[in-house]
Amino acid sequence: MTTDQPIRDVALAWAMATRAPDFADWEGFAAWLEADASHAAAYDAVQYALEEADAVLAALPEPEPVAANDNPPGWLAGRRGWLGGAIAASLAVALTSVLWLAPGGEKLYRTAPGETQLIALDDGSTVELAGGSTLALEGPRAARLEGGQALFTIRHDAADPFVLNAGGERLVDAGTVFDVRLAGETLDVAVAEGAVIVDPHGEGIRLDPGERAVRAGGRFRLAEIDSEAVGEWRRGRISFEAASLAEIAAELTRATGTRFTSTDTATRLSGSIALDAVRADPQALGPLLAVRVTRAGDGWMIAAK
Amino acid sequence: MAPTDPLEEAYLAHRERLLRFLRARGGGEASEDLLQDLWLRLAAAPDPAAASGLGYMMRAADRLMIDRYRSERQATLREKAWAEAQPGMAEGIAPAPGPERALAARQEVARVERALAELGPRAAAILRRHRIDGLTQRDIAAEFGVSLSTVESDLRRAYAAILAVREGGE
Numbered sequence: 001m002t003t004d005q006p007i008r009d010v011a012l013a014w015a016m017a018t019r020a021p022d023f024a025d026w027e028g029f030a031a032w033l034e035a036d037a038s039h040a041a042a043y044d045a046v047q048y049a050l051e052e053a054d055a056v057l058a059a060l061p062e063p064e065p066v067a068a069n070d071n072p073p074g075w076l077a078g079r080r081g082w083l084g085g086a087i088a089a090s091l092a093v094a095l096t097s098v099l100w101l102a103p104g105g106e107k108l109y110r111t112a113p114g115e116t117q118l119i120a121l122d123d124g125s126t127v128e129l130a131g132g133s134t135l136a137l138e139g140p141r142a143a144r145l146e147g148g149q150a151l152f153t154i155r156h157d158a159a160d161p162f163v164l165n166a167g168g169e170r171l172v173d174a175g176t177v178f179d180v181r182l183a184g185e186t187l188d189v190a191v192a193e194g195a196v197i198v199d200p201h202g203e204g205i206r207l208d209p210g211e212r213a214v215r216a217g218g219r220f221r222l223a224e225i226d227s228e229a230v231g232e233w234r235r236g237r238i239s240f241e242a243a244s245l246a247e248i249a250a251e252l253t254r255a256t257g258t259r260f261t262s263t264d265t266a267t268r269l270s271g272s273i274a275l276d277a278v279r280a281d282p283q284a285l286g287p288l289l290a291v292r293v294t295r296a297g298d299g300w301m302i303a304a305k
Numbered sequence: 001m002a003p004t005d006p007l008e009e010a011y012l013a014h015r016e017r018l019l020r021f022l023r024a025r026g027g028g029e030a031s032e033d034l035l036q037d038l039w040l041r042l043a044a045a046p047d048p049a050a051a052s053g054l055g056y057m058m059r060a061a062d063r064l065m066i067d068r069y070r071s072e073r074q075a076t077l078r079e080k081a082w083a084e085a086q087p088g089m090a091e092g093i094a095p096a097p098g099p100e101r102a103l104a105a106r107q108e109v110a111r112v113e114r115a116l117a118e119l120g121p122r123a124a125a126i127l128r129r130h131r132i133d134g135l136t137q138r139d140i141a142a143e144f145g146v147s148l149s150t151v152e153s154d155l156r157r158a159y160a161a162i163l164a165v166r167e168g169g170e
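Line order of the protein sequences matches chains A and B.
Per this note's numbering: the first sequence = residues 1 to 305.
Per this note's numbering: the second sequence = residues 1 to 170.
No lab work stands behind these hints, which were simulated from the structure alone.
There's no promise every hint is true.
Sample of chain A residues lacking proximity to chain B, with all beta carbon distances greater than 12 angstroms (derived) [said to hold, decoys possible]:
(1) Ser125
(2) Asp199
(3) Ile205
Covered by chain A, per the in silico footprint, the following chain B stretches (three or more residues, Cβ under 8 angstroms) [to be verified]:
(4) 37–51
(5) 56–68
(6) 109–121
(7) 135–147
No residue lacks a Cβ here, since even glycine has one placed at the ideal position from N, Cα and C.
Using the sequences and the hints given, assemble the complete structure.
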């Protein structure tokens with residue numbers, strides 16, 4: 001049995017995508033299936049083959065991380081460190097920030113939802129990482145925000161500017177305190193001090209204090225923000241501007257560590273929330289945002305009233 | 001019937017989309033029946049609030065079709081094995097797995113093992129963390145200290161190797 005290679009490859013790509021717990025493009029998937037009857041058959045064959053292989057995979061002995069020449073040394077060291085720590089402190093590893101050294105000397109920082117971390121860079125700059133966020137330090141003056149939010153207080157050096165990659169965009173500092181939030185494709189950059197150049201090779205948007213650029217749907221929109229409000233999440237407050245209930249739920253989960261969900265992507269709200277009140281009583285959100293908050297398993301469901 | 005249950009309400013609201021998805025997924029004539037099966041699964045979900053989300057329902061519909069394919073395929077294989085093992089004998093007695101089948105299974109394990117060994121230790125370890133331990137690609141990227149795109153490309157290579165083994169073996 002041989003399926004046409006290109007169709008099989010697309011089917012495999014869908015099988016990989018649908019496996020992600022946050023996969024949302026069911027419409028796109030359905031459209032691909034509807035395009036040709038052979039697509040469903042190819043997808044079924046791929047899913048079946050992978051699950052059959054799971055049984056084989058599970059039966060194989062667990063691989064030992066032994067020294068081998070084709071092992072990148074950084075990866076091995078990181079993995080070893082984790083294995084050693086796992087015995088004594090598996091809970092701590094799961095709940096607190098972790099740091100690994102990757103092959104290229106990249107350092108990876110990751111916070112659990114509800115947790116924050118202060119990262120001090122060698123040049124005196126600092127990065128405060130919000131809950132549920134991942135930041136990779138690619139070098140002394142380069143970083144990549146893989147998701148979540150961080151406030152950057154960067155020591156400026158015109159000869160060696162600090163460069164941040166976020167959601168495929170390059171942000172270059174010009175003496176700066178700035179906050180970056182990346183949620184899916186939405187990128188939100190706000191400047192408190194100095195300036196940041198967004199997309200230096202393309203449009204080159206310069207953001208001054210009190211300015212904010214929001215990328216949604218592939219386009220940047222400029223907005224104003226009170227400089228004092230930049231990075232306010234560190235003081236236990238988060239703000240939304242025309243955010244859907246689903247987006248608000250995701251942000252609240254990341255900030256508090258309590259699970260909030262919402263299936264409502266249509267209702268949009270603006271406002272500001274003190275997190276302490278929500279931590280103490282998730283249902284306090286109801287009167288704050290004029291929404292309905294109900295218990296859902298170990299978390300809370302937010303719906304429009 | 002006046003639906004008062006929020007899960008039932010959500011199911012009814014998404015009914016047409018779910019039916020369309022089941023048809024697209026190859027349900028054909030049986031799609032309406034499959035929708036009933038889907039409802040039974042949703043109604044039995046441990047967390048009705050979570051099961052009310054469209055994403056959850058679509059995933060459950062996809063799972064239903066994966067399970068259906070599996071059971072149909074295994075029924076075909078059993079019949080084939082029966083026909084090969086018991087030519088001309090009466091129906092109703094399940095054939096014991098013959099030595100040929102046990103050998104084929106062992107050969108497949110060896111082939112998958114070899115394919116994984118060829119991938120290199122990181123890709124094999126990433127595949128295991130993802131498929132067996134159920135970690136997301138993002139969590140694996142953090143654990144191994146590599147970028148998300150590295151995890152994705154390792155998984156893609158591993159899957160291609162697995163599919164190649166299975167296609168070669170059939």
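Chain A over the segment 56–68 of chain B, status - at least 3 residues with CB closer than 8 angstroms: holds (count 5)
Outcome, coverage of the segment 109–121 of chain B by chain A - at least 3 residues whose beta-carbon is closer than 8 angstroms to one in that chain: holds (count 6)
Whether chain A covers the segment 135–147 of chain B (at least 3 residues having a Cβ closer than 8 angstroms to its Cβ atoms): holds (count 10)
Per-stretch coverage check for the segment 37–51 of chain B, three Cβ contacts closer than 8 angstroms to chain A: Since three or more residues must qualify, the claim that chain A covers the segment 37–51 of chain B holds, with 4 doing so at under 8 angstroms.
Reported absence of Asp199 of chain A from the contact zone with chain B (all CB gaps over 12 angstroms): holds, 20 angstroms
Reported absence of Ser125 of chain A from the contact zone with chain B (all CB gaps over 12 angstroms): holds, 22 angstroms
Least C-beta distance from Ile205 of chain A to chain B larger than 12 angstroms: Holds: least Cβ distance 26 angstroms, greater than 12 angstroms.
The earlier numbered hints are all upheld by this structure, with none contradicted.
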